[in-house]
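We have chain A; now place chains B and C onto it with these hints.
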Amino acid sequence: MAAFILKRLLATIPVMGMVAMVVFLILRLSPGDPAAILAGDAATPEMIEQIRANLGLDRPILVQFGAWLWQLLQGDLGNSLLSLQPVSATIGRCFGPTLSLATTTIVFSVIVAVPLGVVAAWKHGTWIDRSVMGLSVVGFSVPVFVLGYGWIYAIALWLRLLPVQGFVPITEGIGLFLSHLVLPTLTLSVIFIALIARMTRASVLEILTEDYIRTAHAKGVSERRVLVHHALRNAAVPIVSVIGIGIALLIGGVVVTESVFNIPGLGRLTVDAVLARDYPIIQGVILVFSAAYVFINLGIDLAYTVFDPRIRY
Amino acid sequence: MNSAQRLTRWTAAAAAVLAVAGVGAEPARAQDQKTLKAVMTTPARIIDPIFTTAYAARNHGYMVFDTLFALDEKFEPQPQMVKEWSLSPDQLTYTFTLRDGLKFHDGAPVTSEDCLASIRRWGANDGMGQKLMDFTKEMTAVNDKTFKLELKEPYGLVLQSLGKPSSNVPFMMPKKAAKTDPKQQIALADHIGSGPFKFVLDEFKPDTKVVYVKNPDYIPRAEPPSWGAGAKIVKVDRVEQLNITDAQTITNALINGEIDFVEGPAIDHLPMLTKDAKIKVEILKTLGSIGMVRLNHLHPPFDNVKIRQAVLHAVNQDDYLEAQIGNNEYFKRCAAMFICGTPFGSDVGAPPAKPDLELAKKLLKEGGYDGTTVVVMQPTDIGILAPLAPVTVQAMRAIGMKVDMQSMDWQTLVGRRAKQEPPAQGGWNMFHTTWVAADMVTPVQNLGVNGRGKTGGWFGWPEDKEVEALRDEFARATDVAKQKKLADAIQKKAYEDVMWIPTGVYYEPSAWRTNLAGVLKSPFPAFWNIDKR
Amino acid sequence: MTVLAPSGEALLAKPRRVGLFGQLRRNPAVIAGAVVLAVLVVVAALAPWLHTVDPEFLKPRFRLRAPSAAYWFGSDALGRDNYSRVVYGARISLFVGVTVATLALLLGTTIGLVAGYVRLLDAIVMRVMDGLMAIPGILLAIAMIALSKASLTTVIVAITIPEIPRVARLVRGVVLTIREEPYVEAAIASGTRLPLILWRHVLPNTIAPLIVQGTYIAAAAVLTEAILSFLGAGVPTEIPTWGNMMAEGRRVFQIAPWTIFFPGVCLAVTVFAINMMGDGLRDTLDPRLAKRL
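Chains as they are written, first to last, in numbering that gives the first Met the number 0: chain A, 0 to 312; chain B, 0 to 532; chain C, 0 to 292.
One chain only, chain A, in its complex shape (with noise of 0.2 Å):
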C-alpha cells in the first residue's frame, strides 16, 4: 500500500509536467493579447506592440516556455500580468472560500442524497422512490443561478435571515463564516445531491437483487441491517466514484455560484484569468489543479480498498 502511496504521488510530477506544456501551448495559440488587455481601449497599435515587447511575450513559444519552466524549478509561480500580484498569492487567498464551499457542500449532500438514495432503492416503484427520482431530476436542470437567485430572494430579502452575498474567513467569527456559506451550500447542492442521490439508488438496487442479498433476507437478518451492512457496502464504489468526481468538480471552482454570492474563489479567479488571459495565473492555477486532481483521485483510489477489500493495489 505504501509503495502504492509513494508511486501514484510521483506519479504526479509527470502529468504537471504534461498539463504544463499543453496548457502553456493552448494558451499561445489562442487568441486575444493580455498586451492589447493591458493597455485598455484607447491604446494605439504602437502602444500594445511596445508592451508586447516589454513582457516578452514577442519571443519565441519554446523560449517563453523555457522562461517560465525555469522561474517554476526556482519555486516561482511569477506575477499577475494585471495586477501584478504574485500568482501564489493570488491562488492561496481565492483558495481558502473554494474549499470551505467545497467541505460544506459534499458533507451536506453526502448526508441528505445517500439515505435519499438507499431509502428510494429499498421502496423501489413506491411514491417514494417515485417522488425522490422525480425531484433529483428537477435538481439536475434547474440552472444554478435561478436556484441562489430563489433562495437569495426568499431567506435573504424576504425572511431577511441571511446576507446576500459576500464571503467571511472563520477567524472573524464562525457564525458570520456560516451565515455566509449556508445559501451557497444550498444551492450548490442540489444538483450534487440529485447526482448521488440517484447513483446511490441504481448501485443499492443493483446489489439487491444479488443472491447472498437474498440469502441474508432468507436468514432473518433485519432489513436495515440489509441495506446498510451488505448493500450499501457493496454498492459503494460508484458512490465514491461520484463524489469523488464531485470533489474534484468543486475544487476546481463553480464558477456560476461564486458569482451569484460573491465568493472569491478558484472558479472566478479562472474564469477571470481566461477572459483576461492572464497568462502567469492561468498556467499557476491549473498547475494547481493538476496536482489536487491527483491527490484527490489517489484517495477515491484508496477509498476503494476500505469500502470493497477484494480491490487491491
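Check the hints yourself; a few may be wrong.
Said to hold, decoys possible - No more than 27 Å apart at the CA atoms, straight line, and that leaves these computed lysine-lysine pairs for DSS-like:
(1) 73(B) / 136(B)
(2) 331(B) / 58(C)
(3) 531(B) / 284(B)
(4) 331(B) / 491(B)
(5) 520(B) / 33(B)
(6) 531(B) / 277(B)
(7) 175(B) / 58(C)
(8) 481(B) / 491(B)
(9) 353(B) / 364(B)
(10) 361(B) / 58(C)
(11) 353(B) / 58(C)
(12) 58(C) / 464(B)
(13) 364(B) / 305(B)
(14) 364(B) / 492(B)
(15) 178(B) / 130(B)
Hints are computed from structural coordinates only; laboratory data are not their basis.
Same frame as chain A, now just chains B and C:
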C-alpha cells in the same frame, strides 16, 4: 472506536479544514470607523492610470493621485495642485507654481521635478499628451515649487491637456514612480500619491476588493467641488470597492444594505431599486456614454466609401438604444461625434434620424457591392456591448448584405481587432464599442476621427489627410469660435467618410442607499464629499 | 439471446421469448420517455411550421414583454420572440445534450474498461485522465475556437473532453470490483478472451451507473453550452439554444422570469424523458433486475 470518539475525530477534521479556510484573514477593525462599501462597474485590476487607458485605473488614479489642473463642469480647466500660473505675452511660456504644503502619502513634499517626470511619462503614452509634447520645446524646474513649459509655437490646449478628465489623466506621481518605463506598470508599492485617499497595499485583493483610507494630510482647495476641480474633502475613513460580478447580486446586496453605493446597476433592475425608499437612483455621469460602430477601411466591402455610407443610412439609433438600454429615461439620440451638449457637439453632416433603406440599397449598388461577406465581431461577455452588433447585422441584412456575425469574448476581440490582415486571414470588417463621453469631446481626444490610417490610426484605420490637417489646425487654434468651426468641418468630413457611426448616447445612473449624503455629479466616480450616516 | 448475462447465471435465466426491442416496447417507462423525446424531436424538426417567427429577428421596441396572445412565451431582452426561440432552440439543445452524452460515455467507457482491466495501462491512462480534468472547459473552448471557428463541433468537443475522465473513472471503479468476482475469475481461468470477458461480464454491470451519469451529462451539457455562449466561446448567440436563452435571461430573471421559465421547463422535461428511457433500458438490459421485476 465508540461514537463519542468518532464525533471528536470528525470535529477535529472539520476544524482542520476550517482553519485552512481562514488563512489570509484580515484582522478585525474598529467598528466606529465610517466605511463606504462600493461596487464599481469595472473593478480595478490593472491600476497604473498612465500605463493603461482602462477606466478602472483612471478611477483608482483619482483616489490616490492629484492633478495640476482639472476640468470643471463647464469644461473650463481650473487649477487643482497649481496655486497660480501665467502665460507669457508671446503665448509660448507657461509658468506654474504649486500650492503650499502638498505632500505625498509617505510624507515627502511634492516638487517640480516630480511633476515634470509625471508629465513626461504621461506625454509618452496619452494621445493628447503626445500632442502636447510635440508642441513643447522644453520643460524646466525653476525651483522646488515652480516650473516652466516652453512651447515651440502657440498651442491652445495646454491647460485642457493638463486638466484632461478621462483616460489617460495626467496624475502627478513621485519622481521615482514617474521614471518607470511608460510601457510598463509602476510597481504596486509605488502607488503613493498626493491625492485625497491612500491606497492600502496590504488589502489589495483585486479578486475581492480594493481598499482606500482617508489621507489626513490632504489639503483641499477652498472652491466648491466641481468634477475634478475644487475642494476634495473626504468625509469617510475608508472606502472598500468590492468586486461583485453578478448584476443581480449587486442589486440584491444594495437592497439588503450590504453595500452603500453602486456605480452602475443594471438598467433593467432600476424599477426594483427606485421602489425602495431607502435607495436613491441618479445620473451622476451627466455627459453619458456613446456607442460606436467601427468599420474596417482596409478591406472589402468597407474599403468602398459608398458601401460604408449604405450602412450609415441603414441603421437607426433608436434600435441600438432600445436594445442596449430599453428605458428612454436613460438614453438620447445624439448624432454629434463630439457629444451633444458639449462645446463642440453638433449634428452637422449627420444623416436624417430615420434610416433610408432605399438610399442605402442605392448606395450599395453604386458601390458595386458584390455579396462579399461582412465579418462582424460580437463580444458576448460585456452586457452593454453585446446587443449592438445584432442590431447592425439585422440592418445590413435588411439592405441585402451578407453578414457573418462571430461571437467571441471581449479579449479575443481586442486581440483580433489589432490585425490588419483581410478577414479571411484572421482580420475583421466591423466591431462595436462604447466610450465615456468625456473621452470624445474634442477632435484631438476623439479616436474615432483619427485619420492617420494604417500607421498611427485607431483600429479600422481610416486614412484621411484632410481630417488630419484639420485636427492639427484645431490643436493650434487658440480661440473657441475657430475651434468650433474646425470641429464642425472635421465631423462633416468624418460622416462623409463614415469613420465611425454613433449609436446614441446613454446614461448609466448610479444608485446608493439614502444614508449617504453629498454624492457628486462627475464624469468619473468621485468619492470625496460623500458622508455616511 | 443471453449474450449479456454472465455465463454462470445463463442457465438460471429463462430464455427470452421476444427480442430486445420487444421487451423495450413492453416497458411503460421506456415508451413514455421515448414518446416525449419523439415529440421534442418532431417539434424541433417542424419548427418553421409551428406558428413561429424568425427566432433571430430583433424588435428592440418590444423587449421583455410578458407572455400574451402576440408573444406566447413573452419576448427577450432584445425583443425576440421567446416561443419561436424555444421551439428552434430544441434543435441545438437536444443535439448537444445527446451527442455530448453519447460521445463521453463511449470514449469514457472504453478508456475506463481498458484502465480497469489492464493493470499495466491503468496507472498511465488514469494519470493522463487526471491531467485532462485539470484543464478548464472554457479554456479549451476558447482555444479550439481560435484554431477553427466558433461552431457546434468545437462546442461539443470542448464540453465532451472534460466529461471523459469522469466517466472513465466511474467505469474503472466498477471494473475493479467486478474483475474480482468468482464468475469472472472462472471465465478467465477457462480461457475466455479478454474482449469477450469485458463485453459479457463487465459491461453489463456498468450500465446502471453509466445511465445515471449519462443523463446527468446530457443535462449538464445543455447548461454548459449556455455558459460557454455567455462567455463568448459557445454557439453564436444569435442562434437560439435553451442554454443561451437562460444565460441571457439571467440578468433579467427577477423582472422577466419567463425568459428562463420556458426554456427551463423544456430542459427539465427532456432530462426527465431521457431518465425514464434510461431506467427502462437498464431494467430491460440487466437480466438480474429483470428477473426481480
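Results of checking the hints against the structure:
Using a Cα cut-off of 27 Å, the hinted pair residue 73(B) and residue 136(B) is violated, with the two alpha carbons roughly 30 Å apart. Restraint check for residue 331(B) and residue 58(C): satisfied, since their Cα atoms lie roughly 18 Å apart, inside the 27 Å limit. A C-alpha spacing of about 21 Å is found between residue 531(B) and residue 284(B), which places the hinted pair at or below 27 Å, so the restraint holds. Restraint check for residue 331(B) and residue 491(B): the C-alpha separation of about 21 Å stays at or below 27 Å, so the hint holds.
Distance restraint check for residue 520(B) and residue 33(B): the Cα-Cα separation of roughly 22 Å lies within the 27 Å cut-off, and the hinted pair is therefore satisfied. With a CA separation close to 13 Å, the supplied pair residue 531(B) and residue 277(B) stays within the 27 Å bound. As the CA atoms of residue 175(B) and residue 58(C) are separated by approximately 55 Å, the hinted pair breaks the 27 Å bound. Taken as a hint, the residue 481(B) and residue 491(B) pair is honoured in the structure, with Cα atoms around 16 Å apart against an allowance of 27 Å.
For the given pair, residue 353(B) sits about 20 Å from residue 364(B) by alpha-carbon distance, which is consistent with the 27 Å threshold. Of the supplied pair hints, the one linking residue 361(B) and residue 58(C) holds, its CA atoms being roughly 25 Å apart against a limit of 27 Å. For the hint linking residue 353(B) to residue 58(C), the alpha-carbon distance of about 16 Å falls within 27 Å, and the restraint holds. Restraint check for residue 58(C) and residue 464(B): the C-alpha separation of about 40 Å exceeds 27 Å, so the hint is violated.
Restraint check for residue 364(B) and residue 305(B): the C-alpha separation of about 9 Å stays at or below 27 Å, so the hint holds. Between the alpha carbons of residue 364(B) and residue 492(B) the distance comes to roughly 22 Å, so the proposed pair stays at or under 27 Å and holds. Among the hinted pairs, residue 178(B) with residue 130(B) is consistent with the structure: their alpha-carbon atoms are about 20 Å apart, no more than 27 Å.
The structure is inconsistent with the numbered hints 1, 7, 12, although it conforms to all the rest.
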